[in-house]
Amino acid sequence: MGEPSPVLEMTGIRKVFPGVVALDGVDFRLFPGEIHALMGENGAGKSTLIKVLTGVYDIDGGDITLGGAAVRFTGPLQSQKAGVSTVYQEVNLCTNLSVAENIFIGREPRRLGRIQWGLMRKRAAELLARLDLNLDVSASLDTYSLAIQQMVAIARAVDVSARVLILDEPTSSLDASEVEQLFKVMRRLKEEGVAILFVSHFLDQVYEVSDRLTVLRNGKLIGEYKTAELPQVQLVEKMIGKELAVLDDLENKAQRTRAKTAEAAPILSATGLGRTGAIAPFDLTINAGEVVGLAGLLGSGRTELARLLFGADRADSGTLQIDGKDVTLRSPQAAMKHGIAFSSENRRTEGILGELTVRENIILALQASRGWTRPIPRRKQDELVDKYIKALQIRPADPEREVRMLSGGNQQKVLLARWLITEPRLLIIDEPTRGIDVGAKAEIQKLVAELSDGGVAVLFVSAELEEVLRLSHKIEVLRDRRLVEELENTEGVDADRIMQTIASGATS
Amino acid sequence: MTILKNRLFWPAVILVALLVVNMFTSNQFITVRDGHLFGTLPDILRGSAPLLLVALGMTLVIATGGIDLSVGSVMAISGAVACLLISDLGNQNSVGSVLLIIGVAIVVSLVLGLWNGALVAAVGIQPIIATLILMVAGRGVAQLITDGQIINVQSSPYATIATGFFLAMPVAFLIAVGAVVLTVLLTRRTALGLLLESVGGSPTASRLAGIRSRRITVMTYVVSGGLAGLAGLIYSANIKSADSISAGNLIELDAILAVVIGGTALIGGRFSIAGTVIGALLIQTLGVTVVAVGVPSKATLLFKAVIVVALCLSQSATFRQKVFGRIKPRPATAVRAEVPA
Numbered sequence: 017m018g019e020p021s022p023v024l025e026m027t028g029i030r031k032v033f034p035g036v037v038a039l040d041g042v043d044f045r046l047f048p049g050e051i052h053a054l055m056g057e058n059g060a061g062k063s064t065l066i067k068v069l070t071g072v073y074d075i076d077g078g079d080i081t082l083g084g085a086a087v088r089f090t091g092p093l094q095s096q097k098a099g100v101s102t103v104y105q106e107v108n109l110c111t112n113l114s115v116a117e118n119i120f121i122g123r124e125p126r127r128l129g130r131i132q133w134g135l136m137r138k139r140a141a142e143l144l145a146r147l148d149l150n151l152d153v154s155a156s157l158d159t160y161s162l163a164i165q166q167m168v169a170i171a172r173a174v175d176v177s178a179r180v181l182i183l184d185e186p187t188s189s190l191d192a193s194e195v196e197q198l199f200k201v202m203r204r205l206k207e208e209g210v211a212i213l214f215v216s217h218f219l220d221q222v223y224e225v226s227d228r229l230t231v232l233r234n235g236k237l238i239g240e241y242k243t244a245e246l247p248q249v250q251l252v253e254k255m256i257g258k259e260l261a262v263l264d265d266l267e268n269k270a271q272r273t274r275a276k277t278a279e280a281a282p283i284l285s286a287t288g289l290g291r292t293g294a295i296a297p298f299d300l301t302i303n304a305g306e307v308v309g310l311a312g313l314l315g316s317g318r319t320e321l322a323r324l325l326f327g328a329d330r331a332d333s334g335t336l337q338i339d340g341k342d343v344t345l346r347s348p349q350a351a352m353k354h355g356i357a358f359s360s361e362n363r364r365t366e367g368i369l370g371e372l373t374v375r376e377n378i379i380l381a382l383q384a385s386r387g388w389t390r391p392i393p394r395r396k397q398d399e400l401v402d403k404y405i406k407a408l409q410i411r412p413a414d415p416e417r418e419v420r421m422l423s424g425g426n427q428q429k430v431l432l433a434r435w436l437i438t439e440p441r442l443l444i445i446d447e448p449t450r451g452i453d454v455g456a457k458a459e460i461q462k463l464v465a466e467l468s469d470g471g472v473a474v475l476f477v478s479a480e481l482e483e484v485l486r487l488s489h490k491i492e493v494l495r496d497r498r499l500v501e502e503l504e505n506t507e508g509v510d511a512d513r514i515m516q517t518i519a520s521g522a523t524s
Numbered sequence: 063m064t065i066l067k068n069r070l071f072w073p074a075v076i077l078v079a080l081l082v083v084n085m086f087t088s089n090q091f092i093t094v095r096d097g098h099l100f101g102t103l104p105d106i107l108r109g110s111a112p113l114l115l116v117a118l119g120m121t122l123v124i125a126t127g128g129i130d131l132s133v134g135s136v137m138a139i140s141g142a143v144a145c146l147l148i149s150d151l152g153n154q155n156s157v158g159s160v161l162l163i164i165g166v167a168i169v170v171s172l173v174l175g176l177w178n179g180a181l182v183a184a185v186g187i188q189p190i191i192a193t194l195i196l197m198v199a200g201r202g203v204a205q206l207i208t209d210g211q212i213i214n215v216q217s218s219p220y221a222t223i224a225t226g227f228f229l230a231m232p233v234a235f236l237i238a239v240g241a242v243v244l245t246v247l248l249t250r251r252t253a254l255g256l257l258l259e260s261v262g263g264s265p266t267a268s269r270l271a272g273i274r275s276r277r278i279t280v281m282t283y284v285v286s287g288g289l290a291g292l293a294g295l296i297y298s299a300n301i302k303s304a305d306s307i308s309a310g311n312l313i314e315l316d317a318i319l320a321v322v323i324g325g326t327a328l329i330g331g332r333f334s335i336a337g338t339v340i341g342a343l344l345i346q347t348l349g350v351t352v353v354a355v356g357v358p359s360k361a362t363l364l365f366k367a368v369i370v371v372a373l374c375l376s377q378s379a380t381f382r383q384k385v386f387g388r389i390k391p392r393p394a395t396a397v398r399a400e401v402p403a
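In order, the protein sequence lines correspond to chains A and B. According to the working numbering, the first sequence is numbered sequentially starting from 17. According to the working numbering, the second sequence is numbered sequentially starting from 63.
In isolation and in its complexed conformation, chain B is listed as follows (with noise of 0.2 Å):
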């Protein structure tokens, strides 16, 4: 019983259900070919890796009681430095300069979450707007950077962080699954991840126990930055081009939509990293599902609101009492009847 009181039941039950339909209508789930996984489930994996990656700085930042809806824009920019210095190198192959160019478009995008980070705790806009600023100007910037054209690339070493393998792995996927552990380290063996709790469950409160809120605060949206960032590079090494426009457009949204699912609240407080991973596969997988089983394109984004809806009432107490919770209280009007007679 305890198992089906845990929040992460249903959205675990959707994402197998989901997996096993993929079974079915996928000519390839999952086989081996020239050394590494390919299939249905391996291309989850691999596309699943930027809304994960972002998804996971949500959680972050939505566990302060803030949101970040900037990190689409984050990505582009990041995709755009990124390809912008790439085109420019003599030899594009060369490992070095892009491991390199790569350092270069994370810090970028640290310094963009910083900027985040200094509007929501030093000047104390509230998340919401002051993150809308950079997701409205940041698009802009991309473009500046771009020159408002689609930078293409050639590297090979680049391409790699998006469809290469390493250990027949996808390694956007693993690059996704190194963040997530990292951030699980990160959280839950130091004392951050309670400090964190405690600054979304009350900022006053956390302050005059002697934690320094702000500085947790500011420190989310760095990370937050960072990890959309990364995300932002894997996109446009996808495409081997830096496009300002579609890059990460409404990530934002969906990387809300699984931290929620994920049995994080909006308000802050407690978070849960792996129920953020679930509710990322989740979303994912299902994009990927909608195609397979042949619902029409104009139909699609009603037809994953439908299962989104599905999933958050399965989560809501209320509702499940309302629907299945009857059967309880039966038992015990019945022995209350037998006691006046």
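With the rest of the complex left out, here is chain A (with noise of 0.2 Å):
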């Protein structure tokens, strides 16, 4: 097979932000009728290039060669004009507007100024059944889920320049079969030739649907590789340069040390504890030093039970107990003062405060208990900041850098070390590693653990069963803003047994 000429080409990309070098001489093909993988941890340089293929940043040395002609982007649109499309993570699309209005935005079929309302809904519907989808056109976006307006944008994206597609972690909000969906999206537009790169964290999809991949790491090219000829364990040592170790060794752990958790004190214990409307009723007991997992689909009411346990939402029923005395948890400052530790899912709204530095979003909730009129002396601050920004690998680790300035990932750790300073007997994290690369996700996870064995009592919640199973002592299961099941998580629990609960609910 004679290889064919690349349609995008990118060598020696070199960009430079104030104090750091992003892109390092990086370099990138991309073939027709391929579906390219970017690999890299978070901070990598993957949405660098992103951003530099799609005109959002000027690069600092470099060429790029589209077609075979050097371009340079200076603007989005130029970009888009010479043939790259993006679609990002979150759909870009004015939900409010109908499906064809939404294709054609901005380039409606026209006759004498008059735009034809009939024509744009005729060719919408034909750009959709290209890819196999068949929607009512005139029907407002937010009829759809957020799969299907993931794949309008993606026809609107193909309609407008159909050289090369960039899909930004398209994957990361759908269902399995929703992921099924896009890839039959995807390799219908491989076959006409487009050629896509795709980014994902997660390596099965990667797997699945790529042909090729690239992998960066700080900033520089590791390498190119055919998807089908890279093991994944050797694909995930070059992402992250050392070995897995870590993963290997917190196997079992949650076997090991049951035995101590389980006769340990309670902590927190609610009885029909419940909210109208969030989550019916439930009972759960937190033990000190056990970690447990709530396991459950998107919207099963895992935040909602994790909330009320923060008193970020008011139980309107039940009874909770901590340390055995009743309590009403009114606000989170409630929560802190019996050692509650909570952080929230959505990182970017009602997680990290971006504009400020590092050490002020790592300092913010010791702070705030502490009260305005007794500030943390600085030196105190410094030296906590330092030891966590090490503790945990903080990169890059400069206290005094706004916080929006950093990858996903380091933003997720700085949301950690902002409540392990705290030193909290509880600490429920929502989604800690959602949208984060394997090394630090391993690193999270290596944290609950020695959190764990310190004593510290878990509430983990996530979407990846293999993440709950690997770290929980036990594991609660929702479905449906109800709490079903709860399994001891013991060798004959399995990720099948749980989607079974999941499926089926209780099982008693």
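In case anyone wonders, no lab produced these hints; they're calculated from the structure. From the three backbone atoms N, C-alpha and C, an ideal C-beta is built for every residue, glycine too. Please note that the accuracy of each hint is not assured.
Computed far set for chain B versus chain A, every beta-carbon distance over 12 Å [to be verified]:
(1) VAL75
(2) ALA79
(3) SER88
(4) GLY97
(5) LEU147
(6) GLN205
(7) ILE301
(8) ALA336
(9) ALA354
(10) ALA372
To give an idea of the chain B side of the interface with chain A (calculated C-beta under 7 Å), a few residues [unchecked claim]:
(11) ALA253
(12) LEU254
(13) LEU257
(14) SER260
(15) GLY263
(16) ALA267
(17) LEU270
(18) ALA271
(19) ILE273
(20) ARG332
Fit the two chains together into the complex; they arrive one by one in their own frames, and the hints show the way.
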């Protein structure tokens, strides 16, 4: 098979931000009719490379050739005109407009200045049919699921310019069947000769759909490989540059320490605790040093349950006991007084404060619990912050950098540091590993195990069953805003067993 | 180069430039007469006191992502309360009574601030609407207090807070400086500044970090009310009367402008008190300069607007890059041109 010439070729790409070399001599090739995965940890330079390609950033060195001609993008519009389209993680469409309007917004078919609505709808339907989608194109976009919206975005992108399509984390909020549907669309486009650049944190998906992959680490090119020829373990090693001993270490850890935690005193116990419209009344006991996993689908009430235990929402039924005493958590401060910490799943809107520095973000919760009149002395702040930047390997290790400049995984670590310095007895973490890379994921899992060994109770909420199984002593399964089953994490319990419960409801 | 990038560089340059203009146009820029400072500069400092005070409170409110439109009306009410009580005094020159009355007027202003804060943080009305209520109603209240009249007072202790001198410096300016120092200590020596910026950055994230967002928000409106009340006292002491119509009229806009010039974004978050001080002094100096250089009175507002536009443009990174930034990318392009060759 002779190699065709690449539709896109980037050589020696260099991009420097103040104090950081984000891309250092990176080469990247994209062939027509292939799905190419861009792999790397958070902060490896994936996003920067994509932003260079889409014209958001100008480069400081290197060359870009598109279809054989040298190009230099100075804006997103220019890059789009040249044939590069992007569909981002968060769908950038107007959900209040119709499907057809969304596809043709800004380039509606016109005659004598009037929009030809009929023709527009017809073309939209044809375009979607090409992707095997059969939608009512005059229905408002928000009547469709996120997955369909994403495919509409892809349809639009492909119609605008069909040479290069960039999909940045398209699957992060889709369920399994929706992912399948998306992959079908991607394969269809591939057959039509579109070059697709695919970014995902899900290794299985990368292996399922991609033909070739490029690995970046710390802004440098590690290599380009045929997906079929590179085993998963090797890929992960190339991405994080170290052996996966950390993860192996964690295996069976949960079982090992089980005996101890089952006998420990309960920190918190809820009886019939619930909130109308959010989560049905549930019973739950969490012992010191115990890791309790919350499993369930998106919208099954995982977050709602966690929020009740932190006082972020108020319970309207049932009782809650902390250390054997009845308490009512009216606010997060009240929960914090009892040594409960909560890291939200919405990192950007409910977690970090982007404009504040790493240091300020880390000390925030501790400072809030001390009250404004008792500032933490600066020397003490620096001490604590340095300690946790080192312990959690927050990169870049600059306490005075604004948090919004950090990658997702590092922002997550900052959030964890914020709660760890309050020395909680119960740490509630909601989706701490979502959208972050394998390396950071392993580090966070390791941290949870260490906390548990140190006697801290952890309520671990995650959509990834594998992760829940690896860490938890016991697993609470939620379905349709109801806690349906509590499983001791023993030998016989595996992902299939949990999925059965999720699918069929309570087994008792 | 770093000093050029500082947001306060251009406002400071313009402020100094305006002062230099005044040095040449005014007969007496600064001299010592009767043991205290005299001339244009001390006048500017004295005259800037009300705006400084109001802008200071506004900075804190804006840092939480709010806005306080009612400051002008609070000024009117506080002046009205003070003048009404002083005019009822048997001896208007009694220092003790005047101090007590000043205290009463400030407490009233704090309560008005609390009203704003409650509407915003407890009831959940948008700040611009919540404070608009008091902005409109407040002038009415002030007129009711004065019974629609302009109340004149003949109290030398009261006049002192506006026109007096202490250690050769104008008392009004010293009051403003005192308020600035207090606010800096209050926000930067405690954790209040950080918590304020956090609430301004995201109230939801702040609440989940255990910060009592509401309490902090209410506090900023209370402080803003108190400082506006103090400004109202200085204003009315200066004219020795309570004028409910023109006291603090449109001062909210100058104050917002001062805050923005000082580099605090209207969406909340990071705030700069030093910036606000420069902003307020600049606006005051601009007003004086416009008169001094003889811009016709019909054109003064327009002239002021032109300066403000220029100032805002100078602070916009995008604009600076478009106009001056061309110089930098060129060497980079030249290097790249050599590579293929």
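Verification of the supplied hints:
Its beta-carbon lying about 24 Å from the closest one in chain A, VAL75 of chain B satisfies the requirement of being farther than 12 Å from that chain. Distance to chain A confirms ALA79 of chain B as a non-interface residue, since its nearest Cβ pair spans about 30 Å, more than 12 Å. No Cβ of chain A comes within 12 Å of the Cβ of SER88 of chain B; the nearest lies about 42 Å off, and the non-interface call holds. Remark: the non-interface label on GLY97 of chain B is consistent with the geometry, its nearest Cβ contact in chain A lying 41 Å away (cut-off 12 Å).
At roughly 34 Å from the closest C-beta of chain A, the C-beta of LEU147 of chain B stays outside 12 Å, upholding its exclusion from the interface. Every C-beta of chain A lies more than 12 Å from that of GLN205 of chain B, the closest at about 38 Å, which supports listing it as non-interface. Every CB of chain A lies more than 12 Å from the CB of ILE301 of chain B, the least distance being 38 Å, so the non-interface label holds. Every Cβ of chain A is farther than 12 Å from the Cβ of ALA336 of chain B; the closest lies at roughly 18 Å, confirming the non-interface assignment.
At the 12 Å boundary, the C-beta of ALA354 of chain B stays outside the reach of chain A, the nearest C-beta of that chain being 40 Å off. The claim that ALA372 of chain B is not at the interface with chain A holds, since no C-beta of that chain comes within 12 Å of its own (minimum 27 Å). This hint holds: ALA253 of chain B has a C-beta 4 Å from the nearest C-beta of chain A, less than the 7 Å allowed. Taking 7 Å as the C-beta cut-off, the interface hint given for LEU254 of chain B holds, the closest approach to chain A being about 4 Å.
Using the Cβ-Cβ criterion of 7 Å, the hint placing LEU257 of chain B at the interface with chain A is satisfied: the shortest such distance is roughly 5 Å. At its closest, the beta carbon of SER260 of chain B sits 5 Å from a beta carbon of chain A; the interface hint therefore holds under the 7 Å criterion. Nearest Cβ of chain A to the Cβ of GLY263 of chain B: about 4 Å, under the 7 Å cut. The hint holds. Interface restraint check: ALA267 of chain B against chain A, minimum CB-CB distance 5 Å, threshold 7 Å, status holds.
Satisfaction of the interface hint for LEU270 of chain B is found here, the shortest Cβ-Cβ separation to chain A being roughly 5 Å, below the 7 Å cut-off. Checking ALA271 of chain B against chain A: minimum C-beta separation of about 5 Å stays under 7 Å; hint holds. Hint status for ILE273 of chain B: holds, given a least beta-carbon distance of 4 Å to chain A, under 7 Å. The beta carbon of ARG332 of chain B comes within 6 Å of a beta carbon in chain A, closer than 7 Å, and the hint placing it at the interface holds.
In this structure, none of the earlier numbered hints is contradicted; all agree with it.
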